[in-house]
Amino acid sequence: WDCVIRNSDDKELVHSYLQFLHSLFKSEESKAFLALGYITGILPIKKIKDESALNNFREYTMLKSKPITKYYGFTEEEVKELCKKYDMDFDSVKAWYNGYLIDGIHMYNPNSVTQAMIDQDCDSYWRNTSSFSSINTFITMNYAGLKDDIMTMLAGGKIRVNPYTFKNDFSTIASKDDALTALIHLGYLGYDADRKKSFIPNYEVATAFESALQTGEWNEIAKAISTCDELLDETIDGNAQRVAELIEQAHDTYTSVLKYNDENSLSCVLTMAYFTAPGYYNIVREMPAGKGFADFAFIPRANAGFRPAMIVELKYNQSAETAIKQIKEKKYHGALSGYSNKILLVGINYNTDGSNKKHHTCVIEEWRNS
882 WDCVIRNSDD
892 KELVHSYLQF
902 LHSLFKSEES
912 KAFLALGYIT
922 GILPIKKIKD
932 ESALNNFREY
942 TMLKSKPITK
952 YYGFTEEEVK
962 ELCKKYDMDF
972 DSVKAWYNGY
982 LIDGIHMYNP
992 NSVTQAMIDQ
1002 DCDSYWRNTS
1012 SFSSINTFIT
1022 MNYAGLKDDI
1032 MTMLAGGKIR
1042 VNPYTFKNDF
1052 STIASKDDAL
1062 TALIHLGYLG
1072 YDADRKKSFI
1082 PNYEVATAFE
1092 SALQTGEWNE
1102 IAKAISTCDE
1112 LLDETIDGNA
1122 QRVAELIEQA
1132 HDTYTSVLKY
1142 NDENSLSCVL
1152 TMAYFTAPGY
1162 YNIVREMPAG
1172 KGFADFAFIP
1182 RANAGFRPAM
1192 IVELKYNQSA
1202 ETAIKQIKEK
1212 KYHGALSGYS
1222 NKILLVGINY
1232 NTDGSNKKHH
1242 TCVIEEWRNS
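Residue numbers for the sequence shown follow the working numbering, so the first one is 882 and each next one is one higher.
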């Protein structure tokens, strides 16, 4: 129903179209021939003065769709059955396509899951269904805090959003909340209704954002993201000096939106720096392990190939050697002993004082199961 609304900036055309819909579904004349109207689209029905232009419809959206929520996409149980039937690794499919949370139900992108089963390969199938320009349209809008919020979500965080000011019309977006709500309805963001927060739902959508950033106005961020594959490769190869250099570059890039003076900011930077790693790993922050919690555990999935399990420990104004010592003393690596014969222990430190201000160091050691 919303093709005209989404693709036209002509207000007169949109007005005429809404009048046509009104005459078709809500006029006195329509009562003579209309028993039931069923229309589909991406956007909810356009609002006029905070009220739906067709308020006699009951709407089911990405924000709320009871009682038909379970039919919006594939549920987790359905995906598990499909993975068994098509011999696909469930953890990989979950990382790529899970994450939409509607009425408390975890929903998977049905088109992408179907394509993955047919092709026997987890990949970004959005390239064939949506334009990255859709993301660019909204993330480049000059609303205060929007860029910061996008960065926070790319780093794995959630952002509070009010989805009810959006008029369900791309031509009338007037705030950061409207822009984020548009991305929710397009499927580029998930929405947690209980917490009223938006987030990037899965790795497939994250790669769509990556591509959008590289073709948009986020040059510095795009440049930093382009080094993610190199960082992962250098980490696996044990090149600690290069790893420290790349993380330092990433940290410098993200200083405009992240505080540079605590361990949590380094965690956010690390999430961004290893942006492409979720294609091969389940990455768990603050994972219970040994006698404490490991800052980052990189757990390889079935498609990880030669990539080993990794424990990454972060330190602030201490030393990378101290981080490695903590991993060993608290036996964090023992929690990953069942995932691969070789486990990489990675210690990263950055200083904010003295001559080494804003300097990163790294130590990488290899641990093998006996």
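Please note: incorrect hints may appear among the correct ones.
[What the hints assert, rightly or not] In silico BS3-like links for lysine-lysine, alpha-carbon gap of 25 Å or less:
| no. | residue 1 | residue 2 |
| --- | --- | --- |
| 1 | K945 | K912 |
| 2 | K1077 | K1104 |
| 3 | K1078 | K947 |
| 4 | K965 | K1039 |
| 5 | K928 | K947 |
| 6 | K965 | K945 |
| 7 | K945 | K966 |
| 8 | K912 | K951 |
| 9 | K907 | K951 |
| 10 | K1172 | K1223 |
| 11 | K947 | K966 |
| 12 | K965 | K1048 |
| 13 | K1223 | K1206 |
| 14 | K951 | K1028 |
| 15 | K907 | K961 |
| 16 | K945 | K1104 |
| 17 | K1104 | K928 |
| 18 | K966 | K951 |
| 19 | K945 | K1048 |
| 20 | K1078 | K1028 |
| 21 | K951 | K965 |
| 22 | K1078 | K1104 |
| 23 | K945 | K1077 |
| 24 | K907 | K965 |
| 25 | K912 | K892 |
| 26 | K1104 | K947 |
| 27 | K947 | K1028 |
| 28 | K1039 | K951 |
| 29 | K951 | K961 |
| 30 | K1209 | K1172 |
| 31 | K892 | K947 |
| 32 | K907 | K1078 |
| 33 | K965 | K947 |
| 34 | K1077 | K928 |
| 35 | K928 | K965 |
| 36 | K951 | K1104 |
| 37 | K1078 | K951 |
[As the list claims (entries may be wrong)] Simulated restraints on C-beta separations:
| no. | residue 1 | residue 2 | range |
| --- | --- | --- | --- |
| 38 | E1167 | T1203 | 48 to 58 Å |
| 39 | L905 | S1052 | 34 to 44 Å |
| 40 | I929 | Y1197 | 50 to 60 Å |
In case anyone wonders, no lab produced these hints; they're calculated from the structure. Just so it is clear, the structure is predicted and the values come from calculations on it, not from any experiment. Where a beta carbon is used, it is the ideal one built from N, C-alpha and C, also for glycine.
Numbers of the earlier hints that this structure fails to satisfy, in rising order: Of the numbered hints, 1, 2, 4, 6, 7, 8, 9, 11, 12, 14, 15, 16, 17, 22, 24, 25, 26, 27, 31, 32, 33, 35, 36, 38 and 39 do not hold.
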